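Enquirer: Taking the hints into account, I'd like the entire structure generated from these sequences.
Protein chains in written order, with our numbering: chain L, 1 to 264; chain G, 1001 to 1259.
In short, the hints are calculated from the structure, not lab data. Everything numeric in this text was worked out from a predicted model, so none of it was measured. It is possible that some hints are incorrect.
[What the hints assert, rightly or not] Just so you have them, the derived chain G footprint on chain L, three or more residues with Cβ under 8 Å:
1. 77-88
2. 157-164
[To be verified] List time: in silico BS3-like cross-link candidates among lysine-lysine, alpha-carbon distance up to 30 Å:
3. L/K160 to L/K238
4. L/K54 to L/K205
5. G/K1195 to G/K1245
6. G/K1173 to L/K222
7. G/K1108 to L/K222
8. L/K251 to L/K238
[To be verified] Per label pair, the in silico range of CB-to-CB distance:
9. G/E1171 to L/Q95: 18 to 26 Å
10. G/D1055 to L/I117: 20 to 28 Å
11. L/N40 to G/I1237: 18 to 26 Å
For each residue, glycine too, the CB sits at the ideal point set by N, CA and C.
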Amino acid sequence: MARRYDSKTTIFSPEGRLYQVEYAMEAIGHAGTCLGILANDGIVLAAERRNTNKLLDDVFLSDKIYKIDEDMACCVAGITSDANVLTNELRAIAQRHTLQFGEPIPCEQLVMRLCDIKQAYTQYGGKRPFGVSILYMGWDTRHGYQLYQSDPSGNYSGWKATCIGNSSAAAVSILKQEYKVSETDLHQALLLALKVMSKTLDMTKLNAEKLELATLVRNDNKTEINVISVEEVKELIKEHEQKEAEAEAAKQDKQSGSGKSSDK
Amino acid sequence: MAVPGVCLQDFPLWSGGPTPGHFYNFPGNSKMNTGKSHTMYPSTSGTSVVGLVYDGGVMLAADSLGSYGSLARFRDVKRLFKVTDKAALACSGDIADYQFIREVIEQKVRDDVCGGYTRELNAGALHCWLTRVLYNRRSRFDPLWLECVVAGYKDDEPFLGYVDKIGTAFEAKEVATGFGLHFAVPMIREAREKKQNLSCDEARKLLTECLKVLYYRDCRAHFKYQLADITPEGVTIHDDLNLKKETNWEVANYISGYE
Chain L
1 MARRYDSKTT IFSPEGRLYQ VEYAMEAIGH AGTCLGILAN DGIVLAAERR
51 NTNKLLDDVF LSDKIYKIDE DMACCVAGIT SDANVLTNEL RAIAQRHTLQ
101 FGEPIPCEQL VMRLCDIKQA YTQYGGKRPF GVSILYMGWD TRHGYQLYQS
151 DPSGNYSGWK ATCIGNSSAA AVSILKQEYK VSETDLHQAL LLALKVMSKT
201 LDMTKLNAEK LELATLVRND NKTEINVISV EEVKELIKEH EQKEAEAEAA
251 KQDKQSGSGK SSDK
Chain G
1001 MAVPGVCLQD FPLWSGGPTP GHFYNFPGNS KMNTGKSHTM YPSTSGTSVV
1051 GLVYDGGVML AADSLGSYGS LARFRDVKRL FKVTDKAALA CSGDIADYQF
1101 IREVIEQKVR DDVCGGYTRE LNAGALHCWL TRVLYNRRSR FDPLWLECVV
1151 AGYKDDEPFL GYVDKIGTAF EAKEVATGFG LHFAVPMIRE AREKKQNLSC
1201 DEARKLLTEC LKVLYYRDCR AHFKYQLADI TPEGVTIHDD LNLKKETNWE
1251 VANYISGYE
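Expert: Rendered as structure tokens:
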């Protein structure tokens, strides 16, 4: 039975699968949603905040979005303690590079280094993989704005828009339809992120307390990574709802204008 | 206990602990207790390297001599090499150490190109990396006996830097090693006082003049040399240049009493 091949990461199953890695990805499928969108002039990361207990002391501005380096930030989905270990390592990798070369690490190189560590945990050592998927947003002189996603298998790829965590498949299909390559600017990307979040999160109305939004832009040869404040998120939600209402109204007009609405 | 060929280490009482009759390396210490000693002097060595930034690029020059003490042993040693399109490196000091670090750097560049996930090494990154390497080696009492000049471009700005065997590193608009520091750098500074931004031809003339003076005055210098010109377009290295014809030894005829 498949059960016999589950427990160790370091062995294949007869069908050629690594069960532990797949189970790790399962764990992430239950975690809070994170999505990232690449715009012409910046990058947006949006995350669902699950710890909304009133008693929580707000030591951290954000519990899913972390700044790694001057030009890179990431958003995690999965086991939080695993994520802490990995974000710490990401920061250390970035600083080690800057110590050696006196300049910031290229985004892809940082992602690749961490993914090599993640992959090691799927091949040897006998330890379980990290139950974390990470979305990275960054800027460098090589490729400009970049968005990467890595998962417990140690695989990574560059994306124009993607989603991890709960209902990520649904979110990705919405993004596929709605995202316009090279026609999206930062503001449109923010609104698109809100749109996708509202459709995939199991809440009827978007709540600023339940969302974390962060942007990365380049201004005057300096990268600005900004976690958007609750007030600004509220403004964006208002704008998003307004646009939705307008779109609904336009659709109603079109239906009634065509004169075939009574076919039902 | 006195069985021949069998020592106490074949029957470990505890792993990693002190063994009677042997030196014990305390944990956390560097390898300084092994009693091994590293070579602390150069054998075949190269003399000065001179570099300057001009309007439109950076220029580096070094002569082609490998001296074995006072013997002018190898007269076509290439001490200057192109690292990437944005950086060139020249070293004075031990030639073996230079060749070693050159191999390491060339492999590093190859790895970067093959990996495809990082950017081409530029002069600033090379300078920083070399500083860390040389400083760490000296901190282990195993130095690479070199004085290096890194020339090239860093983020569209011309870059010229110096690193030496003890890890001293700095950037400047004119840099030299060895005797060059005493002869060439003042010459370049004097020329710059008259004209801040030198053109390519002026820079080349100045550099050749510096090497000529060094050939006259430095006993370990030679008239064959290499010159590298780094511009935003790339690195050009001129090999097998010869300044013998430009030198004037007429004064030798007037010297008597030293036969």
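Enquirer: For every hint, state whether the structure bears it out.
Expert: Cross-check of the supplied hints:
Look at the stretch 77-88 of chain L against chain G: 0 of its residues bring a Cβ nearer than 8 Å to a Cβ of that chain, fewer than three, so the hint is violated. A count of 0 residues in the stretch 157-164 of chain L with a Cβ less than 8 Å from any Cβ of chain G is obtained; the coverage claim is therefore unmet, three being the minimum. Restraint check for L/K160 and L/K238: satisfied, since their Cα atoms lie roughly 26 Å apart, inside the 30 Å limit. The suggested pairing of L/K54 with L/K205 holds, with an alpha-carbon distance near 20 Å, which does not exceed 30 Å.
A threshold of 30 Å between alpha carbons decides the hint, and for G/K1195 with G/K1245 the separation of about 28 Å falls inside it, so the pair holds. The hinted pair formed by G/K1173 and L/K222 meets the criterion: a straight-line CA distance of about 26 Å does not exceed 30 Å. For the proposed pair G/K1108 and L/K222, the alpha carbon gap of about 29 Å is at most 30 Å, so the pair holds. The straight-line distance between the Cα atoms of L/K251 and L/K238 is roughly 20 Å, inside the 30 Å bound, and the hint therefore holds.
About 22 Å separates the C-beta atoms of G/E1171 and L/Q95, a value consistent with the hinted range of 18 to 26 Å. For the pair G/D1055 and L/I117, the supplied restraint of 20 to 28 Å is violated, since their beta-carbon distance comes to about 47 Å. Restraint check, L/N40 to G/I1237: a C-beta distance of roughly 41 Å breaks the suggested window 18 to 26 Å.
Checked against the numbered hints above, the structure breaks hints 1, 2, 10 and 11 and satisfies the rest.
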